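Protein sequences appear in the order of chains A and B.
Sequential numbering from 1 applies to the first sequence in the numbering used here.
Sequential numbering from 1001 applies to the second sequence in the numbering used here.
One or more hints might be untrue.
As the list claims (entries may be wrong) - Stretch by stretch, here's where chain A covers chain B in the computed footprint (C-beta under 8 Å, at least three residues):
#1 1032 to 1043
#2 1054 to 1068
#3 1302 to 1313
Claimed, not checked - A few chain A residues facing chain B, derived, Cβ under 7 Å:
#4 Lys29
#5 Val36
#6 Val38
#7 Glu64
#8 Ser84
#9 Lys88
Stated by the list, open to error - When the alpha-carbon atoms are kept at most 30 Å apart in a straight line, the in silico DSS-like pairs for lysine-lysine are as follows:
#10 A/Lys151 to A/Lys93
#11 A/Lys13 to B/Lys1215
#12 A/Lys143 to A/Lys43
#13 B/Lys1041 to A/Lys143
#14 A/Lys159 to A/Lys43
#15 B/Lys1115 to B/Lys1132
#16 B/Lys1127 to B/Lys1038
#17 A/Lys75 to B/Lys1215
#18 A/Lys143 to A/Lys125
#19 A/Lys151 to B/Lys1195
#20 B/Lys1041 to A/Lys80
#21 B/Lys1215 to A/Lys60
#22 B/Lys1309 to A/Lys159
#23 B/Lys1218 to A/Lys143
#24 B/Lys1218 to A/Lys60
#25 A/Lys82 to B/Lys1041
If you are wondering where the hints come from, they were derived from the structure by calculation, not from laboratory data.
Owing to the predicted nature of the structure, the values given are computational and were not obtained by experimental measurement.
Even glycine gets a Cβ: it sits at the ideal position worked out from N, Cα and C.
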Amino acid sequence: MMPYAAAQTYTAKNIQFNIFSSTPIEDIKAASYTGVAVLVAQKQEITIQVAIKSLEFDKKLMQEHFNENYMESDKYPLAKFKGSIEPKIDWAKDGDYPVTVKGSLWIHGIEQPRTINGKITIKNKVVSIATAFNVNCIDHHIKIPSIMFAKIAEVIQVKVQGNLNPLN
Amino acid sequence: MNKNKLFIFLLLLSASSAMSASAQEVDSLLKSLSNDQKFDKVEATFKATHIVLSQSTETQKKRDLDFRIRHHFGDIGGEFGNSHTLWGLDVASDLYIGFDYGITDKLTIGIGRSKHDELFNFLIKQKLVQQKTNGMPFNLTLFAQMGLVAREAFATNEFAAYGDRMTYFIQPMLSRKFSSNFSFQVMPALLMRSKTVGLNDPKELFSLGFAGRLKLNKRLSFVAEYTLVNELSRNDLVAELYNPLGIGLEIETGGHIFSLNFMNSEYINENSFIPNTKKSWKDGGVRFGFTISRNFSLFQSKNKNPDTKSTIY
Chain A
1 MMPYAAAQTY TAKNIQFNIF SSTPIEDIKA ASYTGVAVLV AQKQEITIQV AIKSLEFDKK
61 LMQEHFNENY MESDKYPLAK FKGSIEPKID WAKDGDYPVT VKGSLWIHGI EQPRTINGKI
121 TIKNKVVSIA TAFNVNCIDH HIKIPSIMFA KIAEVIQVKV QGNLNPLN
Chain B
1001 MNKNKLFIFL LLLSASSAMS ASAQEVDSLL KSLSNDQKFD KVEATFKATH IVLSQSTETQ
1061 KKRDLDFRIR HHFGDIGGEF GNSHTLWGLD VASDLYIGFD YGITDKLTIG IGRSKHDELF
1121 NFLIKQKLVQ QKTNGMPFNL TLFAQMGLVA REAFATNEFA AYGDRMTYFI QPMLSRKFSS
1181 NFSFQVMPAL LMRSKTVGLN DPKELFSLGF AGRLKLNKRL SFVAEYTLVN ELSRNDLVAE
1241 LYNPLGIGLE IETGGHIFSL NFMNSEYINE NSFIPNTKKS WKDGGVRFGF TISRNFSLFQ
1301 SKNKNPDTKS TIY
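For reference, chain A alone in the conformation it holds in the complex (with noise of 0.2 Å):
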């Protein structure tokens, strides 16, 4: 069997988040600068998480009320995806690469499994991913009481984008 410290592993630790909701009433947007991400290459397999506190929001009141009320990140304090990334690719050779991974997302305590399209680059070594999906509130439990459907979309909009760099 092959050494794990042998196969190359890819770290970041500035992996940017935005989340997105939309209603004709009001866009909502928040950001965070720090997430991190471990990709094991030999397994094709990426690990990215975040802190859910590290969203930050214009308002700090709907920080607040977003953390307390709807995420509880007391409780559940990171969002975290893992998966496995189709097709196989070479991790030596620079270029472009549309992926597929597939594997679990964990946000607010719950898991689900989802297929998530995306794309790598490779440039000297340097790995780049990006992506963007949606999230859907109820598949995660997280109630939105209907007083506030018209300025809370039911679908958030999550973009991720950052780079790998060779670990060692």
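Following the hints, put chain B in place on chain A, whose structure we already have.
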């Protein structure tokens, strides 16, 4: 045969432990990469800047203006209550209108006016210590308030000097969010005034308050508070005074907070209710009161970051 089984078992065991070791390594790598300490602030120990009557350790968010209206009805029972006053609802023992504004996320200033004594109050509140998940176990906020009695003097020499109309209140508050559902606060306070109810009533009145919140669900909380003042810093008063005790429900709807309470204090402001609660829970002196609080975001935020710029159409 047995040897073979043992061998296969050991092989499986080592294979599975090798696999889980790499998964563990990914987890420990993620942990070492993440900078979670930066994001372990314990927020919203209380939903509102007030608990029942007392202040909480929470402050206004930057540029947010809180418009508060509070009403205290009359005695539910006893001599002044019952059906003749519709259990106190005919009476307004005190009214309060106030504005609190967040200069920063930690510094709030405010102004208010009460019906009782036509009291104007000017307040300042600074959050000094923030509770953290790992580390700092509590919140500390300092509250100071000046009261100015604007009503006409009842007797010609009641306010011999203009300064006699002033009262000064200072209160450090210590709170802790024990779990997402339970928070508790302790608040010693000093009230300085020139008018007292008698010989045994000191001008520098020390009190000790306790308050708690029990969250019933995400939007509804049970709140309670008790202020120890009479046995603590004054005894054998001629006037009959009681320690304030209030309980209530707090409903938060995102921007609005409604607080529905029962308490024995007739008055709303700290400078009035701590020294002068004349009613008791025991003889029907309890009353209904409520607060309506509405938050407004004042001024356009200077946020230029398109990633976090929200829009209201």
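Here's how the hints hold up against the structure:
1. 1032 to 1043: Coverage by chain A holds here, the residue count being 10 at a Cβ distance below 8 Å.
2. 1054 to 1068: holds (count 3)
3. 1302 to 1313: Since three or more residues must qualify, the claim that chain A covers the stretch 1302 to 1313 of chain B holds, with 10 doing so at under 8 Å.
4. Lys29: The hint holds - A/Lys29 has a Cβ within 7 Å of chain B, the shortest such distance being about 5 Å.
5. Val36: holds, 4 Å
6. Val38: holds, 5 Å
7. Glu64: Holds. Min distance 5 Å.
8. Ser84: At 13 Å from the nearest chain B Cβ, A/Ser84 fails the 7 Å test, so the hint is violated.
9. Lys88: Hint on A/Lys88: violated, closest Cβ of chain B at ~19 Å, above 7 Å.
10. A/Lys151 to A/Lys93: Roughly 46 Å between the alpha carbons, so the hint for A/Lys151 and A/Lys93 is violated.
11. A/Lys13 to B/Lys1215: violated, 35 Å
12. A/Lys143 to A/Lys43: violated, 36 Å
13. B/Lys1041 to A/Lys143: Measuring from Cα to Cα gives roughly 24 Å; hence the hint holds.
14. A/Lys159 to A/Lys43: holds, 24 Å
15. B/Lys1115 to B/Lys1132: This hinted pair is violated, its Cα atoms lying about 40 Å apart.
16. B/Lys1127 to B/Lys1038: holds, 18 Å
17. A/Lys75 to B/Lys1215: holds, 14 Å
18. A/Lys143 to A/Lys125: violated, 42 Å
19. A/Lys151 to B/Lys1195: violated, 51 Å
20. B/Lys1041 to A/Lys80: holds, 20 Å
21. B/Lys1215 to A/Lys60: Holds - the C-alpha atoms of A/Lys60 and B/Lys1215 are around 21 Å apart, at most 30 Å.
22. B/Lys1309 to A/Lys159: Status holds; Cα separation ~15 Å.
23. B/Lys1218 to A/Lys143: holds, 10 Å
24. B/Lys1218 to A/Lys60: holds, 18 Å
25. A/Lys82 to B/Lys1041: Between A/Lys82 and B/Lys1041 the Cα gap is close to 27 Å, so the pair holds against 30 Å.
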